[in-house]
Every structure is written in C-alpha cells, then in structure tokens.
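**Q** From first to last, the protein sequence lines are chains B and W.
Residue numbering for the first sequence follows full-length UniProt numbering, starting at 1 and increasing by one per position.
Residue numbering for the second sequence follows full-length UniProt numbering, starting at 1 and increasing by one per position.
Simulated from the structure, these hints should not be mistaken for lab results.
Errors might be hidden in some of the hints.
The list cannot tell twin chains apart, which means a pair is met if one copy fits it or any two copies do.
Said to hold, decoys possible - Subject to a maximum C-alpha distance of 27 Å in a straight line, what follows is the list of computed DSSO-like cross-link-like pairs (lysine-lysine):
1. Lys293 - Lys234
2. Lys230 - Lys454
3. Lys14 - Lys487
4. Lys450 - Lys33
5. Lys466 - Lys567
6. Lys487 - Lys13
7. Lys581 - Lys514
8. Lys466 - Lys514
9. Lys454 - Lys553
10. Lys462 - Lys514
11. Lys234 - Lys63
12. Lys514 - Lys582
13. Lys317 - Lys234
14. Lys234 - Lys189
15. Lys582 - Lys466
16. Lys291 - Lys514
Only a predicted model underlies this, so the values are computations on that prediction, with no experimental measurement involved.
Protein chains: 2
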Amino acid sequence: MYIEKINGPEDVKKLSNNELTSLAAEMRQVLLKRASIHGGHFGPNFGMVEATIALHYVFESPKDKFVFDVSHQTYPHKMLTGRKDAYLYEEHYNDVSGYSNPEESDHDHFVIGHTSTSISLACGLAKGRDVRGESGNVIAIIGDGSLSGGEALEGLDFASELQSNLIIVVNDNDMSIAENHGGLYQNLKLLRETNGQAECNLFKAMGLDYVYVHEGNDIPALIKAFEGVKDSVKPVVVHIRTLKGKGYKLAETHKEEWHWHLPFDIETGEVIADFGGEDYSSVTCDYLMKKMKEDPSVVTITSATPTVMGFTEDKRKEAGRQFVDVGIAEETAVALASGIAKSGGKPVYGVYSTFIQRTYDQLAQDLCVNGNPATILTFSASIYGMNDVTHLGIYDIPMMANIPGLVYLAPTTKEEYLAMLDWSIAQTEHPVAIRVPGGAFVSDGKAVTKDFSKLNKYEITKQGSKVAIIGLGSFYGLGVEAAEALKESTGIEATIINPYYITGLDEAMLEDLKANHDVVITLEDGILDGGFGEKITRFYGASDMKVLNFGIKKEFLDRYDVNDVLKDNHLTVEQIVDDVKKCL
Amino acid sequence: MYIEKINGPEDVKKLSNNELTSLAAEMRQVLLKRASIHGGHFGPNFGMVEATIALHYVFESPKDKFVFDVSHQTYPHKMLTGRKDAYLYEEHYNDVSGYSNPEESDHDHFVIGHTSTSISLACGLAKGRDVRGESGNVIAIIGDGSLSGGEALEGLDFASELQSNLIIVVNDNDMSIAENHGGLYQNLKLLRETNGQAECNLFKAMGLDYVYVHEGNDIPALIKAFEGVKDSVKPVVVHIRTLKGKGYKLAETHKEEWHWHLPFDIETGEVIADFGGEDYSSVTCDYLMKKMKEDPSVVTITSATPTVMGFTEDKRKEAGRQFVDVGIAEETAVALASGIAKSGGKPVYGVYSTFIQRTYDQLAQDLCVNGNPATILTFSASIYGMNDVTHLGIYDIPMMANIPGLVYLAPTTKEEYLAMLDWSIAQTEHPVAIRVPGGAFVSDGKAVTKDFSKLNKYEITKQGSKVAIIGLGSFYGLGVEAAEALKESTGIEATIINPYYITGLDEAMLEDLKANHDVVITLEDGILDGGFGEKITRFYGASDMKVLNFGIKKEFLDRYDVNDVLKDNHLTVEQIVDDVKKCL
Numbered sequence: 001m002y003i004e005k006i007n008g009p010e011d012v013k014k015l016s017n018n019e020l021t022s023l024a025a026e027m028r029q030v031l032l033k034r035a036s037i038h039g040g041h042f043g044p045n046f047g048m049v050e051a052t053i054a055l056h057y058v059f060e061s062p063k064d065k066f067v068f069d070v071s072h073q074t075y076p077h078k079m080l081t082g083r084k085d086a087y088l089y090e091e092h093y094n095d096v097s098g099y100s101n102p103e104e105s106d107h108d109h110f111v112i113g114h115t116s117t118s119i120s121l122a123c124g125l126a127k128g129r130d131v132r133g134e135s136g137n138v139i140a141i142i143g144d145g146s147l148s149g150g151e152a153l154e155g156l157d158f159a160s161e162l163q164s165n166l167i168i169v170v171n172d173n174d175m176s177i178a179e180n181h182g183g184l185y186q187n188l189k190l191l192r193e194t195n196g197q198a199e200c201n202l203f204k205a206m207g208l209d210y211v212y213v214h215e216g217n218d219i220p221a222l223i224k225a226f227e228g229v230k231d232s233v234k235p236v237v238v239h240i241r242t243l244k245g246k247g248y249k250l251a252e253t254h255k256e257e258w259h260w261h262l263p264f265d266i267e268t269g270e271v272i273a274d275f276g277g278e279d280y281s282s283v284t285c286d287y288l289m290k291k292m293k294e295d296p297s298v299v300t301i302t303s304a305t306p307t308v309m310g311f312t313e314d315k316r317k318e319a320g321r322q323f324v325d326v327g328i329a330e331e332t333a334v335a336l337a338s339g340i341a342k343s344g345g346k347p348v349y350g351v352y353s354t355f356i357q358r359t360y361d362q363l364a365q366d367l368c369v370n371g372n373p374a375t376i377l378t379f380s381a382s383i384y385g386m387n388d389v390t391h392l393g394i395y396d397i398p399m400m401a402n403i404p405g406l407v408y409l410a411p412t413t414k415e416e417y418l419a420m421l422d423w424s425i426a427q428t429e430h431p432v433a434i435r436v437p438g439g440a441f442v443s444d445g446k447a448v449t450k451d452f453s454k455l456n457k458y459e460i461t462k463q464g465s466k467v468a469i470i471g472l473g474s475f476y477g478l479g480v481e482a483a484e485a486l487k488e489s490t491g492i493e494a495t496i497i498n499p500y501y502i503t504g505l506d507e508a509m510l511e512d513l514k515a516n517h518d519v520v521i522t523l524e525d526g527i528l529d530g531g532f533g534e535k536i537t538r539f540y541g542a543s544d545m546k547v548l549n550f551g552i553k554k555e556f557l558d559r560y561d562v563n564d565v566l567k568d569n570h571l572t573v574e575q576i577v578d579d580v581k582k583c584l
Numbered sequence: 001m002y003i004e005k006i007n008g009p010e011d012v013k014k015l016s017n018n019e020l021t022s023l024a025a026e027m028r029q030v031l032l033k034r035a036s037i038h039g040g041h042f043g044p045n046f047g048m049v050e051a052t053i054a055l056h057y058v059f060e061s062p063k064d065k066f067v068f069d070v071s072h073q074t075y076p077h078k079m080l081t082g083r084k085d086a087y088l089y090e091e092h093y094n095d096v097s098g099y100s101n102p103e104e105s106d107h108d109h110f111v112i113g114h115t116s117t118s119i120s121l122a123c124g125l126a127k128g129r130d131v132r133g134e135s136g137n138v139i140a141i142i143g144d145g146s147l148s149g150g151e152a153l154e155g156l157d158f159a160s161e162l163q164s165n166l167i168i169v170v171n172d173n174d175m176s177i178a179e180n181h182g183g184l185y186q187n188l189k190l191l192r193e194t195n196g197q198a199e200c201n202l203f204k205a206m207g208l209d210y211v212y213v214h215e216g217n218d219i220p221a222l223i224k225a226f227e228g229v230k231d232s233v234k235p236v237v238v239h240i241r242t243l244k245g246k247g248y249k250l251a252e253t254h255k256e257e258w259h260w261h262l263p264f265d266i267e268t269g270e271v272i273a274d275f276g277g278e279d280y281s282s283v284t285c286d287y288l289m290k291k292m293k294e295d296p297s298v299v300t301i302t303s304a305t306p307t308v309m310g311f312t313e314d315k316r317k318e319a320g321r322q323f324v325d326v327g328i329a330e331e332t333a334v335a336l337a338s339g340i341a342k343s344g345g346k347p348v349y350g351v352y353s354t355f356i357q358r359t360y361d362q363l364a365q366d367l368c369v370n371g372n373p374a375t376i377l378t379f380s381a382s383i384y385g386m387n388d389v390t391h392l393g394i395y396d397i398p399m400m401a402n403i404p405g406l407v408y409l410a411p412t413t414k415e416e417y418l419a420m421l422d423w424s425i426a427q428t429e430h431p432v433a434i435r436v437p438g439g440a441f442v443s444d445g446k447a448v449t450k451d452f453s454k455l456n457k458y459e460i461t462k463q464g465s466k467v468a469i470i471g472l473g474s475f476y477g478l479g480v481e482a483a484e485a486l487k488e489s490t491g492i493e494a495t496i497i498n499p500y501y502i503t504g505l506d507e508a509m510l511e512d513l514k515a516n517h518d519v520v521i522t523l524e525d526g527i528l529d530g531g532f533g534e535k536i537t538r539f540y541g542a543s544d545m546k547v548l549n550f551g552i553k554k555e556f557l558d559r560y561d562v563n564d565v566l567k568d569n570h571l572t573v574e575q576i577v578d579d580v581k582k583c584l
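With the rest of the complex left out, here is chain B:
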C-alpha cells in the first residue's frame, strides 16, 4: 500500500494524481477498520481525505502551517505526517490523540478540541510571522458547522485586517454534528448552487477574497485551487464542497449518527457494545418532552449537541418549535434563554460542561445580572466525563458557582435531578443551573419532597458525630462509602450531608456542626481551586473545626484513567479514611 510508505508530506509530493487517488482509497479503508475497532470521529475524517492529501501536496508543512478547527478531522493529516502506524496497526491505535497535538508532531501547532477557534489562532500565527519578518503560508481549515460560533465569525471579520497571507479553507459538507442552523447556511447553499458565483457572499462581505471548489473530494481540483492561492499576499477563503462520511454508505446517509461512532460491525454498522438502558440523557428527554406537551411555553435549547439531552432527530421533530438548535453558538444560547425567560417563557438549555465555558460573560451579564429564571443543565461535569484535555468537564464549579445570582444545584440521584428540574422550570425568581451527575446512573426510587425555593438548605441524611461528610452531587455516594469505611475502621458514626446547593452555604447547619464535630470533610467531583469545598473551609477559618477538602487538583489532564486520577487526588475510600484519621 502507498500509505505504508508515507513517512511525511515529502512522500505525498512524490505521487502522481492517480497514485494520490489510490492513496485516498487506502486511507479510507484504514480509517474504516480503525473506527470499527476503536471508535472515534468518523464523518469529519472521511470527508476530508482528499483535501488533506491535496493540502500536503501543495503546501510545505510544517513551514506552512495548518490550523485545523475542532481538529477532530485531523486523522488523515496525522496519517500523512509520520503517524500512520497509529492508524494502520491495532497495537498503536492509542499512540495518538483524537485532536491535533504539538507534542506528537511539528506538523501540529495547537491542541484544539473546541470549535470555531482556527481562524483567530491562524491570524495570530500570521501576525507573528509578519512582525518577525518570516515567510510561509498559514492555513486555517474550518468546517461549515463551526462557522456559526462567535469566535469564528469574529475571526472572519478580523482576518482582512492582516493584509498579508492567510488562507481559510471552509470545508462545507452542509452539516454540523446535526443539521446546520442559522441564516449563513442559506448563503453557503446559494454559493454551492451558483458554483461560487453569487454576488451575495458572506466571505466577501467580511472583506475577504474567495475561491470556490465544487468537487471538494477530487484531488486534482483541490490541488489546482490550493496552488492558485498559495503565497497569496492577502487573506482568501477557499470554499470546498465535500461529502461528510464519504466512502462508507451508512455514514454518507446517516451523517449525524456517524459524526462520531462507537466501535461497530463494518457490514451492518451495528454498534458492538451497546450500553442501552436509562441514563441522564434519556430521562432528560422523556421529562422535557412530557413537560413541553403540558406547557407550550417550555422551550428546550441546544447549541448543536441535541443528543446530550437525548433529543435525536425524531424527538426534535416531535418537539417542533419548542426545540431550538442555535447551532454552534453557545453565547447566543444563553442570551436566548435569558430573553425567553424575560418574556415569560420557560427555557431549558442543555450543554456539556466543557462547552458552557464559552459563555461566562453571557451567564454573568445577559442572564444573572438580569435575574431571569432560565434553566441550564450541565452534562459531563465530572471526572467520569470526556477525558481529552480539550473536553474536560471538571472546571464548571469555579467558573459558574462564583457568579452572583446563579443558583447552581447538584443532584445525587435521578429523582433529585428531576425534582430540581421541575422546581426550576416552575419558579420565576432565579437563574438556575443543574449539574447533571457523572459516573454511575443512580436511581433510588425515593420521592423528593424538598422545597428547593428555600435556598442553601442542606440536608443531614445521617446524623452522627465527630466527623461530618459533605458529599456534593455525584461524589455523595463516595461520601457514604467513606462513612461506612470510617465506621469499620474507627467505630465513628459520621454525619452525612447532601448539600444540594453549590452556590451557597447553609450557615446555620455548619454552625450547629461545631457542637459535636471535630472534622468536616467535603467531596466534590471537580477541581478544588475556586470550588465548593473551599467555601466551607473559609466558613470555618476562624474556628477550631478541622476541614479537609477532597476533589481534583487544578491541572490539565489528558486521556487519563479515572482510577489513577482518583488515587492521585486522595479520592479512594481508603485514602479519605486515612486522611480523616490523621485529623482526629
């Protein structure tokens, strides 16, 4: 196979057009086999095989610099830049990350996993090149789905200010993860339908030059286009039309389902290990669907990740105008929720913890300063969530819980979660966020009668003495286990507390604990710095109470083993008990 002999872009340049086309076919076979065994991003990579080959054929990476947006479409790029073994051989599948990574190769310039950043980052590389008097092309490669994000649109607008070389390749497969949403997609459609000739052109309106390539999966056409813009002395957009999932029929047809995929059977496309059963996505969807039917003013909002709330295509259709996908536009999602709440509607915005990071100012200004009663659900806010460095969900508490006015809740079970959601939608006083638990799905069947409108009232679930254990959200169960182990080891019956509220202290209860407790410990499924536990510790700062905060230290983790991380952070039951015993 040609691919076996590709050790870097220089080997790509040696091949003829026919050989390059064969290479593309080989790469697809390799990607298909790996995906079927290993899982990962599928559609984005299958669509980009030819464009990646053409980019490496025309440009001189790493002197010419590629910046891949989201970078989950870099598998072909990695295969051509000295990392083919990680795709060819099963024993090497884990040698590479799923995103661009400068630690792996000089051909990668940034660790990127969030969308819509490539143009602005590439502007930086270009500006740095210019002030340092260097040369070389800078090429941002961005999918159409990522264009709706604020940072991408800012970057498109700013790029023309550079007045020097910058090439923006827009990979237009007419899809985000789900279908695209937003007016600009009408313009991309118009451009595709007019072979790029329509006068009304978003990119030209942003002050940029523009080239269209209708056959974005045809290597000679792409090479011609890239050669035409190479060494351009001003920013230019190359708009290429590609087919998402190209080369695997099921992925071409069911683009959303095959954007990312678990390991599967190549013949049937069926997932090899299906987890199935109830989970927080399915209960969220079931609940909201029922609620929306009862109340036409309930609106469910997603920013291009509808299935995190269980809203597959059929469910979205069923919800009709009460389900809004803003596209990749998290800032607008929060502002929209605030506006809907202001007008008397009942918005629920579901979002991954890692992506709500894109909305600090919208949470603070658009929502909390205004005190509008919107509901936000943060998913995968847990050490048990996604484990790529770019997709960690363990920073949400410091980011969100220190914003005044927000009520941030941490349920420990399905029943608490749904009770909180029910309360939040009904109430009209506060912006509310709910930290959907990570880790195991816990359902104890207990009816929840708590009145959540009495803010910051914790609950003693087991009265004990000497030691009090405050277990927040998904680490409540760990607290219960630690209490049992402590009893076994020392005979001490610890008090166990479910705090429910991340954003405030139950000062009366904490004060009462002083009477017959010497040690308070806090447990949280997130980083310690700026988190929940520190607030408890501050409360006791001037007292004799000993306080231990358990959680994760402030650092960037990458592709970790959960058990290793727990051990490193003294989060095993044994370690917790040992630490407590040292305080007694």
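Fit chain W to the known structure of chain B by using the hints.
**A** Structure of chain W alone, referenced to chain B:
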C-alpha cells in the same frame, strides 16, 4: 419646551413632524447641558436622538420591545419614557443609571452594559412571544461597532431561524469607541455608498431581509422606514446611517474623544477637572512603546479600548503594525495573542477586567491548554474601578485564577508592575496575566530584583510573629495599615507578606508560618468566593492555624460608594484589627 411635556411615548405620537424636529433640538440641548455638568456617554446619544424619537413614534413601547445594545445610547429613550426629569434638572441627574434598567421603567427590558448582546437577547424575547402566542414587535438596536463581537454575529446568524417578527436596527456611525476594525466595515461602507443597493450584503448573507436609510438623523425618513417594517413577519435589518456626536461640533469632529466625556466647558470643550499625572495607563503605554521599538516582535493588542493602555490615536500611529485593534472581539484578541506567542512573537493584550469575562474559554483552551507565552493585562480589576453593575471588575480572580496553566500576578506598585511586565514579555514558558492595581497609583521608586520565573514564591516584607497578613496586589497597602493599627492596639508586630502570585501557593512559606503564628489573614481586592484567600484557608484546613479572608462578598453591586462597600465587607482598618483580635 416640548420635552417638558413628554411623559411617555404617547406624548411623542401627538407631535407633528416639525414639532418632532424641534423636540430633537431641545433634547440635544438638554443632553449637552447635562453632559457638561455630569459627564457620561456623549457621541452615542447625540447620534441617536432622531432614531429614538422615530422608534417611539412608530412602535408601541412597552408592548413593542426595544433592546438597546450596550445601552449607553439610551439617554434619549429614557427622556421619552417618563424619565425626562433626570436629564432636565440637575438635582435629578443621578436618578437614572447610564444604561437600560428594568427597575427604572417598563420600557427597559434588560440591564445591559456589555456590547454585542442585543440581537440574541431580542431573539429570546421574540421566541418567548411566539411560544406564548403573544404579539408585538421586538426591536434590537445595535451600533456598527458592536457588530464585530462574536455574540452579535452569532445572533445575526441565528435570527433568521425565528421565522417571525424581529427588527434589527443597525445604527451605523462608522465608529466604534475608536475607529472600526474588521472586514465587515468595508461592506457597511459599500452599502452606505450604494444607498443600500450593493448585492454583496452581510445581512442578506446571514439570511435576513434588509432596508437602508441614508438619512438616519432625519425623523420623517426614519418614521417611513420603521413604518415599513413594523409588524414584519420575518426578521429584517434596518441599516441607518447616523452621525456620531451630531449637534456638537467638537464631538462630530473628534468622535473618539467624545464617545464618553468628563464634565466640560460647553464653549471650549475643555475638561473641567483634569486628573493628569502618571497613572497605570500612561506607564503602560510608555513602557510598551519603548519595548516595541527595541523589539519588532512585541505586539500590543486591544479589543476596541486602546486608551485603557494609554494608546491614543497618535500613539497607535507611532506603534504602526505592532499595535493591533481587533475591534470589539475579545475572544479573537486572546486567540490572536496565543497564535502570535506560538509563532515566537511577544503579544501583550490589555483589557478591562469586566470585558475579559468574555474570554473564559479562549483563556482556557486557546491559550492555557497550549501553554503559549502571551501576556494579558487586566485593568480596573478593583473595587475602585467602574461601579456600574454591568462594568464591575471584581470577579476576575475566580474566573481566571482557577484555570490551570495561567500565571496570574498581582503587583502592588508601579515598579513591581513594570518588572512583571518585563519578565512576562521575555519569558517563553507560561501564559501570564497581570492584575494592574486599582485605587491609588503607588510608586515607591524601589528597584525590583525578584526573579518571577520561580513561580509562587511569596515575599515576607516584614518579619513579625503571631499574626501574618497576606495583602494581595492593590490591597497590600491596606495590609500594611492594618499591621500598624494592630501594633498600636495590641503591641503585636505582624508579619507582612506580598504574595505576588494569585495562581499558586508558597507552601513552604505557609508551612513555616505555623511555627510562630496563630492567625493568618488574607486581603484581596475582589470577591471572596473562588478567590485567592480561600486557597490559603484550604491549605491550613487541617491545622490549628486560624485564617480570616478579607475581600468582597459575592453579589452584584451598582453605583456604589466605595467606602460603604468597604465597611459592609469588614474592610476598614479598624474592622480588620477587631476581627483579628477576636481570633487571638
């Protein structure tokens, strides 16, 4: 005067075209007098007088809802909606805030002070109206300068999804605070020059209908245009050309200087009380100007607020291509800085604390995950900073300092500030932010020899015992005063510590303090929740050390008196000493 009889929009509707024009002239006189005595936003309001009159003439506020972007152009709107007295009579000047405010009037729907939010918020109002089966127009009013912000561009893109009534008035005065930057402004220029007829049209490319009004300061022309779009059943942009500062020659000519203005003499335009002298803006500009001349790879970046770093128009010209204004596009500013640093350049991004809130994810992902050595300067991060609820600068520590990988520094004097800046620009290991001190400008002339590359090394500036005072950044001086008062009151010579580093603990020093100290206090010029002091308290949680954290409680403050806030938060010297004594 007509204005004296305007108690609400219904009174505007009674006037003839000629009377409305007279009303506009009166309103300008009133605005001019008030601005000359009270100060405030000038240019934005002077340009919007006619449009505001026409809006209230045509639409039925508050059933029809206006959402003003930034909302510092709402003075005319306030004058026409029952709040004229706050503009007519000096004793009532402080009755209103400088921004829209639902607590003042039903004609205001949001508290808004940051740019680029109006379209997305208005989309929310429109969506809420639709699902609730209500009627009425929703009108977002946004200036051209705000269009470059990511949230505004997201909103423009999303709006067409509504498929119902939404009117976006683009107030185009060809200016941001300073001149506009970005490619889209070429398109606005083209539209102005073609009377709105150019085929290439940003708004149409976003899927929106479009109307152009060349005479945006002419009431009949505006009335006609607004009547044309009233009750539109789909989103439409009304692009109006206005003159910033219209009606006051100096403001028309020197638009940047007159965007916001201190009280001034109407005849000469001269500021009545000029503070003058050295401040952190001027020393920043002087330093960076020198540095840029020495090193062509140093790049100063602003997001449309160049003068916070002292870069007035002449200085910007002098800096040439080493000064970059990205426009109102904070996200792109951070990504740009990361890219420049990655390519070997030396970027310095200066930004108000309240606006860096718009970049949490860019700080975390684009910058810190990548570990690129960019420098960020946060200004007005202090209780002594801007005091409108929308412009508070006291939340930056929880937001920024809990992001892994960032080195956030807190200088206490000019000399430390410049030494940190010098180190940050030279080093190549870390993303660095510097919290420019608020409050009094302190310069002690002392040479700073500290090696900042040895991270998290605090300094004992005065060795004492029993009590240790850790005074962060601009509250270091308060710590010194408290130490003196404590000595006077108790005879105790406290240890005084300058921590320098917000983002990490000097664990060795903190450990050593245990030997001969019983109480540690922390002082920080920001909110306590998620802040610096809590990390110190956590360190001592399991020990016998008593720790008191002094800072500001988590809440939204608005137009406050600093001394009141300090008192409310136990931040006077007397209160601090009293609290310490209770612990001894």
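**Q** Please sort Lys466 with Lys567 into within, between, both or neither, judging by C-alpha distance up to 27 Å.
**A** within (25 Å within a copy, 37 Å between copies)
**Q** My question is about Lys582 and Lys466: at a cut-off of 27 Å on alpha-carbon distance, are they close within one copy, between copies, both, or neither?
**A** both (13 Å within a copy, 25 Å between copies)
**Q** Quick one: Lys514 to Lys582, C-alpha cut-off 27 Å, is that within a copy, between copies, both, or neither?
**A** both (19 Å within a copy, 18 Å between copies)
**Q** Classify it for me, Lys487 with Lys13: is the Cα-Cα distance of at most 27 Å met within a copy, between copies, both or neither?
**A** Answer is neither; intra-copy 69 Å and inter-copy 77 Å both fail.
**Q** 27 Å Cα cut-off: does Lys450 pair with Lys33 within a copy, between copies, both or neither?
**A** neither (51 Å within a copy, 57 Å between copies)
**Q** For the identical chains here, do Lys230 and Lys454 meet the 27 Å Cα criterion within one copy, between copies, both, or neither?
**A** neither (63 Å within a copy, 44 Å between copies)
**Q** Should Lys14 paired with Lys487 be assigned to within, between, both, or neither, using CA atoms and 27 Å as the limit?
**A** neither (70 Å within a copy, 80 Å between copies)
**Q** For the identical chains here, do Lys234 and Lys189 meet the 27 Å Cα criterion within one copy, between copies, both, or neither?
**A** both (25 Å within a copy, 20 Å between copies)
**Q** Between the shortest in-copy and the shortest cross-copy C-alpha distance, which are at most 27 Å for Lys291 and Lys514: within, between, both, or neither?
**A** So Lys291 and Lys514 fail the 27 Å test inside a copy (43 Å) and across (57 Å) alike.
**Q** Can you give me the call for Lys466 and Lys514, within, between, both or neither, at a CA distance of at most 27 Å?
**A** Both. Shortest intra-copy (9 Å) and inter-copy (25 Å) distances satisfy the 27 Å Cα cut-off.
**Q** At 27 Å max between alpha carbons, let me know whether Lys581 reaches Lys514 within a copy, between copies, both or neither.
**A** Classified as both; 18 Å inside a copy, 21 Å across copies.
**Q** Using 27 Å as the alpha-carbon threshold, which applies to Lys462 and Lys514: within, between, both, or neither?
**A** within (16 Å within a copy, 35 Å between copies)
Of the numbered hints listed earlier, those contradicted by the structure are 2, 3, 4, 6, 16.
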